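*Asks:* Sequence:
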Amino acid sequence: MSATINYEVRLLAVSFLTGVGLLVVYDCLRVFRLLCPHSDIAVGIEDMLYWIYSALMTFSLLYRENDGDIRAYAVVSAFVGMALYQWLVSRNFLKYLKKLLKYLRMKTGKHKTERQKKRNEKKSGKQREKLKKRETSRHRKQTSIKEAGD
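In numbering that gives the first Met the number 0, the protein residues as written are 0 to 149.
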């Protein structure tokens, strides 16, 4: 094979592996989020930092391997690497990890995370308010019926 063909095949393979690597890093971020739940703002900041990292890695790939020239097949290869990793590895990995975490929480007695507890507290507060409104409206109806009957 000629040196040019070897170079192009190498660029294709490195692009593919870069796509896989980017999603491996994102899966690590997902695992961190499962283990340590935090606010939506923190998740947004993490995502923004991830995409900055992702852009820098892709730029460095193209700069190092291809002297900064953007080749469509290199970008497509990175996307194919990401898609295949997502389809073949990531889905199953995260599904089994969630099951494992759920099992471990049940065994340790920590069924609910702090975030879930806060949500339930808010729900119970809202439910209390609804019950109070219902009771007062029922009481009003009963008193109005009694007054109408007198």
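Rather than coming from a laboratory, the hints here were simulated on the basis of the structure.
Just so we're clear, the structure is a prediction, and the values are computed from it rather than from any experiment.
Note that the Cβ used here is the ideal one computed from N, Cα and C, for glycine as well.
Please note that a few of the clues may not be correct.
[Unchecked claim] Derived Cβ-Cβ restraints for the label pairs, each shown as a range:
no., residue 1, residue 2, range
1, L99, A41, 22 to 32 Å
2, L96, E7, 32 to 42 Å
3, Y102, Y6, 24 to 34 Å
4, S59, L33, 37 to 47 Å
5, R90, A2, 38 to 48 Å
*Asks:* Work down the list of hints and note, for each, if the structure agrees.
*Replies:* Here's how the hints hold up against the structure:
{"no.": "1", "hint": "L99 / A41: 22 to 32 Å", "verdict": "24 Å, holds"}
{"no.": "2", "hint": "L96 / E7: 32 to 42 Å", "verdict": "37 Å, holds"}
{"no.": "3", "hint": "Y102 / Y6: 24 to 34 Å", "verdict": "49 Å, violated"}
{"no.": "4", "hint": "S59 / L33: 37 to 47 Å", "verdict": "29 Å, violated"}
{"no.": "5", "hint": "R90 / A2: 38 to 48 Å", "verdict": "39 Å, holds"}
Hints 3, 4, counting from the list given before, are not met by this structure.
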